[in-house]
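J.: Could you put the whole structure together from the sequences, leaning on the hints where they help?
As given, the protein sequences belong to chains U and Y, one line each in that order.
Using the UniProt record's numbering, you'd call the opening residue of the first sequence number 1 and step up by one each time.
Using the UniProt record's numbering, you'd call the opening residue of the second sequence number 1 and step up by one each time.
These are calculated hints, taken from the structure and not from any lab test.
Which chain Y residues face chain U? A few, computed with CB under 7 angstroms, are given here:
1) VAL132
2) PHE134
3) TYR222
4) SER230
5) ASN233
6) MET241
7) GLU251
Every value quoted in this text rests on a predicted model; they were computed, and no experiment measured them.
Glycine included, every Cβ here is placed at the ideal spot set by N, Cα and C.
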Amino acid sequence: MVNERVMEKLGILADAAKYDVSCSSALSKRENKNKGLGNAKGYGICHAYTEDGRCVSLLKILLTNHCIFDCAYCVSRKSNDIKRAAFTVQEVVDLTIGFYRRNYIEGLFLSSGIFDNADYTMERLVRIAKKLRLEHNFNGYIHLKAIPGASDELLKEAGLYADRLSVNVEMPTEQSLKLLAPDKNHVDVINPMKYLKNEIIGYKEEKKLNYKAPLFAPAGQSTQMVIGATQESDLEILGMADYFYQQMNMKRVYYSGYVPISYDNRLPAIGTPVPMIRENRLYQADWLVRYYGFNVNEIVGFNQPNLDLDIDPKLGWALRNLNQFPVDINTADLELIKRIPGIGYLSATKIVASRKFKKLMPDDLQKMGIAYSRAKYFLAFATPFQLQKDLTSVQIKDHILNSQKSKYKNDFSNQLALF
Amino acid sequence: MTEVIYDATYEGWLTAVFEIYEYKYADIVFAKKETSGTLLFANTHLAVTDVAKAKRVLDGLKKRLSAEGISNLYNAFLSEEPQIEETMLQFARYVLANSKNVEEDFSNDAIRNLRKAARLTGKESHRMEAFVRFKLTKDKLYYAIIEPDCDVLPLIENHFKKRYADQYWLIYDVKRKYGIYYDLEKVSVVELQFNPESLSTKHLTEICDENEEFFQNLWRHYFKSVNIESRKNMKLHIQHMPKRYWKHLIEKIPNANN
Chain U
1 MVNERVMEKL GILADAAKYD VSCSSALSKR ENKNKGLGNA KGYGICHAYT EDGRCVSLLK
61 ILLTNHCIFD CAYCVSRKSN DIKRAAFTVQ EVVDLTIGFY RRNYIEGLFL SSGIFDNADY
121 TMERLVRIAK KLRLEHNFNG YIHLKAIPGA SDELLKEAGL YADRLSVNVE MPTEQSLKLL
181 APDKNHVDVI NPMKYLKNEI IGYKEEKKLN YKAPLFAPAG QSTQMVIGAT QESDLEILGM
241 ADYFYQQMNM KRVYYSGYVP ISYDNRLPAI GTPVPMIREN RLYQADWLVR YYGFNVNEIV
301 GFNQPNLDLD IDPKLGWALR NLNQFPVDIN TADLELIKRI PGIGYLSATK IVASRKFKKL
361 MPDDLQKMGI AYSRAKYFLA FATPFQLQKD LTSVQIKDHI LNSQKSKYKN DFSNQLALF
Chain Y
1 MTEVIYDATY EGWLTAVFEI YEYKYADIVF AKKETSGTLL FANTHLAVTD VAKAKRVLDG
61 LKKRLSAEGI SNLYNAFLSE EPQIEETMLQ FARYVLANSK NVEEDFSNDA IRNLRKAARL
121 TGKESHRMEA FVRFKLTKDK LYYAIIEPDC DVLPLIENHF KKRYADQYWL IYDVKRKYGI
181 YYDLEKVSVV ELQFNPESLS TKHLTEICDE NEEFFQNLWR HYFKSVNIES RKNMKLHIQH
241 MPKRYWKHLI EKIPNANN
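T.: Written out as structure tokens, the structure reads:
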């Protein structure tokens, strides 16, 4: 490698890739066999955390930031006056192996601007993954971007070498996409997702019958939506996410708070704060749907299309549904306990396990580490419930907001304080 | 109050538990062989490690605990928290006093305290799987230095063996003065004398592979380039990468040459 040039390219192409939030390296099933290099079986590992607190698990780069498209929200858009660069196939392979052997990363996340056409770009991405797998016996994690418009044959080949594939929907609605990326439409994004979904299911079935069958994107597919660049409500965003989970078998939908990077007047001006709290609330809602048995309609609806910023969505739901409380944690089902504000997934399972030994009292819960100051308004114990039963939801909300020290307290309309 | 002296090994602790039951000692303070010297306590008991006794205690525990419960006990031992032996004894007493498995009785202090200690070790061994930074030497050895709070090497050995099956590597714990070394076949425990001077930049450039410094600089450059300045959140950054680990993290050590 010619050192200075590679160093410069890495700076440019890592910087351009960083707005893609996915950095997951979990859920794959690739094992190291025949004394090769690497292992991507099981849990993900975050090797470092940047100063913005985000995890660095993969070498996340673009193959090139040359692009024929002019999407307003993207740093690599054609009309943007920035330095352009492109890696060679060999450079990406050398970087990945060099970083992986030093235990800096779990693998590679490779995306790209579209140069020439979709197939030409996709073919390069696939070639890199293939080279890593076949020539270097590399079993680390590989996440490839599926380029919208690429042929099915190339997508299929990509699936055979990659652990995860993703197509970014970028904008939650067709309308916004048309506004900001006139060259694109939703169909181009949905089609490869559908194709991948069917292939993933097909290969999984085959694997059940024949354990020697090849892996096909064993960590599934994911997508990303940019939040706050356009006018969508949380109802529209979460509705779209739900569609991806239900219809496309997505493993993850990522929400990326828009970081202003353009003077384009269709977009929030440079200097507008990143909507980090909203992004956080969307992730909380996403978790409620995937792990806590909530339906999207319980969290947002036509009468309240946006999530509260000052309280989390589970507390919001509980305050709107006080008739479901108090819950007796000594007898209630796990599913109901998971719905109590201040009690997370793990605490709920702990409660259900330990109540077999004795009746749990408030101080037991406190010792077990639940957020008791929040949960207490929703709990009933075997002994008469001492706390103010007849508080209205507004009163409970006030009590909770006043008693807890929220990290967002100083400023819960737009941004975290800068340090 | 009885002071029970053992040899600081896990088998030693298990032997001590056997003898505590044998002699029906009630109030126990543990001491490791090398640290105990002055006779602070009237009664002292020296437990000499005995594999058969250790096995009987472990078997008794295995009968009443899940595999996870057993590994939690061992992980708690590796945490090296203050008074961990006493915490473990309380746990063992509670477990042995019951005929059925009580490991999920989270309202019990002994159960919770043991789990807490086990989690410390578990968390840190996961961290070390992440924070080990190998450097390549001229003779193709990938080596890394760590300084963890808990004794995690026994727990991370397998992970590195599976992952780096085709390269020679050494992970050395400077705090406990031993390391694990992989020779493409098996992992063995090594003890070596590390001269602090051997960590100086000058010495390192002498023994390192010619590309080593370049890769370190690439990594630093990458680490800086993926940060989004307008989302800066140092509190979160430090929460995930506590400062005590920075000393051995390439991306947190400024490059000496620029």
